Amino acid sequence: MTTPTHSVELSGIVKRFGDFTAVERMDLSIEEGSFVTLLGPSGCGKTTTLRMIAGLLDPSEGDIRIRGRSVTAIPIHKRNLGLVFQNYALFPHKTIYDNVAFGLKYRDIPKSEIAGKVQRALDLVQLPDVGSRHPRQLSGGQQQRIALARAIVIEPDVLLLDEPLSALDANLREDMRVELKRIQAQLGITTIFVTHDQSEALAMSDTIVVMSNGHVEQVGGPEDVYVNPTSAFVARFLGNSNLLPARVGAREGDVVPVTVDGFGTIRLPASRCTAVGQSDRATLVVRSENLRLAGDDAPVPGDALALPADVTTVDYQGQAARYFVRIGDKTLQAVNAIEMHPHRQGARVKAIIRGRDCTLVPEERH
Amino acid sequence: MKGWHLIRLYTILFYLFMFLPIAVVVLLSFNPSEFGTFPMTGVSFRWFVALWNNDAIVRAFRVSILLGAMTAVISTTFGVMASLALVRYDFPGKGLLTTLLIAPILIPEVVLAVALLLFLRWLDMPKSLPLLLFGHVIFTLPFVLLVVQARLVGIRRDYEEAAMSLGAGPIETFFKITFPLLMPAIFAGMLFAFTISFDDITGTMFWKPGGVETVPTQIYAMLRNSISPEINALGTVMIVLTVALPLLGMAIARQMSANRK
Ligand SMILES: Nc1ncnc2c1ncn2[C@@H]1O[C@H](COP(=O)(O)OP(=O)(O)OP(=O)(O)O)[C@@H](O)[C@H]1O
Ligand SMILES: [Mg+2]
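Protein sequences, first through last, are from chains A and B. Numbering follows the working numbering, with no gaps: position 217 of the first sequence is 217. Offset between the second sequence (1-based) and the working numbering: plus 1000.
FYI, nobody ran anything at the bench for these hints, they're computed from the structure. All values derive from a computational prediction rather than experimental measurement. No residue lacks a Cβ here, since even glycine has one placed at the ideal position from N, Cα and C. Treat each hint with caution, since some may be false.
[Stated by the list, open to error] Partial chain A-side listing against chain B, Cβ under 10 angstroms, derived:
1) G55
2) R69
3) T72
4) P75
5) R79
6) F85
7) N87
8) A89
9) L90
10) F91
11) K105
12) R107
13) K111
14) S112
15) P156
16) L160
Okay, chain B solo, but in the shape it has when bound (with noise of 0.2 angstroms):
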């Protein structure tokens, strides 16, 4: 009994070190006072309306919410049509290539970013915004791939086989059926990939083009110069957008795959 109190305070312990910052950041945006420091001199938004007078931080909005959306679709599509070849068609060299298209999450980011460089200096390109794209694609597929994966074992060859047997061909087969059936893990890869994208710092860091930032990398930019109240407001937001969208995203997904069973 006496063991099983001590882990109990421990685990308190522990989420209480984990998420008290967070919870101070998220407070500290409501106070009105210059010094993010307690006590709090009262509740406002007026770091939020800032925010949205940024121009630097909106311009980076801008950047994250668009290279977020290119990578979801991107990644999405490309880790649809390889779960398609690698759950449903035999060829030589699948594992190999699952091996490889899974690699990335194994790797650490930072490896991998370097690596990514190094073969664009090896191609004497210079950085880019599609090369940040590229390598924000490499990053998030293995996720998308594991949910497409997972959803596509489940959906059982027959109905694909009926759907022929009926006088759809292939492609036909594809739209009307497995795909309708596939669409909550598209989705749910899809929120998986934009959050991840949005969310990324690391990878980003040494990808991105001079002048271009994302948020995270716009935080970590103004972190250098000073700890303005802005960066709680702008976690805040960071927070709300990267747990809010994948828990909505889970709903529907949830909704309609309860339609589909």
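In isolation and in its complexed conformation, chain A is listed as follows (with noise of 0.2 angstroms):
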């Protein structure tokens, strides 16, 4: 049995093209009304697993459930989804009109109740008036819109996104992030994401699902997956991060021991290190923003490791510059807040290291 608040919940999802595997045994249990997003680099499986929960592809193995209905077995146009897709795919021979009715023809749905139906979805994307145009009539962002309107208007049980803000520019997209939220949240519908945008996926994700090579990475919400991530290909995909190899030394009550080659023993909470069983081999995952740089003089915190750096390229960005840091035999990337002036490139400085700043993931395997 399942529990009625899991909306979507795939188990051993797995999809071969041939003798290629595209998804490989995927879990994954969706609530209800949330949104979540399939976010990996291209090629990793997202479409081909949003095409299977919509019924686009027919999964090699596995059992696929929505509101705890099996639907492997049932084709597309009975599943009640929403699908909204990167180029539209507004019907360019029917009206506007026409495209957001065109899923209510299939419902039980009196007639006279249809136009006020298509009216409130036309409002809610905010183009109220659009009705009797035709849709190489509007902009590319009107036709997401539109797109969307037509998803949601047939009160889908889940709503299908494919990289539906890649076709639109940059400002654009930002505020459809904005909107498409906003309508998601109003609606309370369960939503599942694709894209390969990180800052989308953070922006507007109740839980990420990290995705690489056809299998899941690690599954969180925003802030979780970010601040720990629990492998390296999560730490490199998302944000900026330094990678170290590191030793892991004996716990010691709260705290993990974990010495770095050249750089010496940074003390990190337990909580930071979960993701590594007994190994005493490991990657430390250090932000960016979190490699601050300072003058000579600057204190350094009880858990901080504080070594002297070059600077070999300054990268400046406004109200944050981005360097490049020689420390021992190793480049390392900061990211920081220019107080005043950045540092110049050839200064010496001290790389400050906090050690709950750090995570401690599983050594790579290559």
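Make the complex out of the two chains shown on their own, each in a separate frame, by following the hints.
Pasting the structure below:
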């Protein structure tokens, strides 16, 4: 039996194309009303996963349940899902009104109510007056809003979006991001969103599913996956991190001593080391914004390591600067807010790494 | 520079060689004189009227139009179905099927004509109108297929998938989305099929049963006896039909696809 709070459940989903496995043994439970993002680099199987949920692809193995009902044998047109594509896919030969009303004709809705529902959907996407136009008479952003209206007007069990914003230009994308989130929250509709854009994922999601090479790397809230990556892949994919090979010492109470060759030992809270088991080899993740560069006289907190560093490159970004610094035989990246003026290229600074800002992940296998 | 002048001259001569006879035919069809010779003695429609009153020709026209229309409908129906299968689905033997369907335009028409006839002989069946129709369908199908396939490839799967996600079954999706989007190509394909069938002589000669004439075979038969100026008029009508029809069709198709983009 499944708990009713789970809107979508994938169990042991596998998808093969010939010899190639696009999705490997995927398990995922999506809560009713939540906004879940499938995030990962190109070709990791996001679209494939979404299309299996939609019913556009049959899984090679495993079961998909929507609202507790197994849908693996149910064709797409009987699944009651809202689908939004990257290229909008508005029917070019139909007016906007007919586009939005299309799905309602297949539902037991009295004719008299259709017009009202269409109008409410158009109001919701803030395009109340375009009903009589054709898709080609709308801008890309407007077309995508209509595509969204068309998908939600049928009150789907789940809304599935495959990179819906990536065809829009940068400014519009930001607006649409806010808009989409507002509409989703207002309707409380379970949403699965596919993107390879981490900032989209971080800004919009309740839960992020990070994927790579057909399998799930990590599932968690935006802050969780950003701050507490459980694998080197996730650390590398989200934000900008320095990954350092490290040796793990014996745990001392709530603290784990971690030694990086050439740097010394950093004491990490045990809560930052949960992704690593008993292994004595691991990878230390230091986010570039957590590698603080300071003048020689700056105070060093107790759990921190202070290392002499040479600034090799300065990348000025306005309110912040990105530095490449040389520490021992390694080059690290640091993104620091600028106080007064940035460190100069060639300057010798103190690189400060605090234990509580670091995360330990299993050693990368190559 | 000199070379370009020569090429230009050559091109002009080439086109003159190609089109002058046609122009002469059209011109002479308005010549009231009994003998199709220059200089023209005036302008008249007398040969067109004669055409209209010539039973054999009117009958041939009726046969040609009926045959062309049926060929167009059947060819287009099969062409659309085959295109859908070839573009939208994967199945074993797809490459072979494509080659088979396209082959009739690669094989010389005489060979195709004789082959079909031999096949009929083997089946011990007499020549008949259905055979003629069958031949025309086989011969026009590749054109329809190419036109429709090209358009179908351009219609993204997204539209159909969106329709299905909204609740339309596969058949409804075809009629409400794919078919309307395909309309310009279907229309163009039909016109192609009609014109090619209407114009065809080689295959028709082999396949037509005795006593039945299409316009081209009728012209051919008339030419064997005498060169009547009526033939000039008939030629003019044929030229107008086979040039104007596709042009008209293309204009309509362009109009339609402008509304669907
Ligand atoms: N029909 C197919 N036949 C064979 N391989 C396929 C097919 N569809 C997808 N693949 C392969 O499966 C893998 C995952 O594809 P998918 O489209 O799911 O990637 P994605 O994560 O959506 O990538 P992107 O961000 O580029 O859209 C890719 O390597 C792709 O080449
Ligand atoms: Mg994709």
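Structure-based check of each hint:
no. : hint : in the structure
1   : G55  : 8 angstroms, holds
2   : R69  : 17 angstroms, violated
3   : T72  : 17 angstroms, violated
4   : P75  : 8 angstroms, holds
5   : R79  : 8 angstroms, holds
6   : F85  : 5 angstroms, holds
7   : N87  : 6 angstroms, holds
8   : A89  : 4 angstroms, holds
9   : L90  : 8 angstroms, holds
10  : F91  : 6 angstroms, holds
11  : K105 : 8 angstroms, holds
12  : R107 : 7 angstroms, holds
13  : K111 : 16 angstroms, violated
14  : S112 : 19 angstroms, violated
15  : P156 : 8 angstroms, holds
16  : L160 : 8 angstroms, holds
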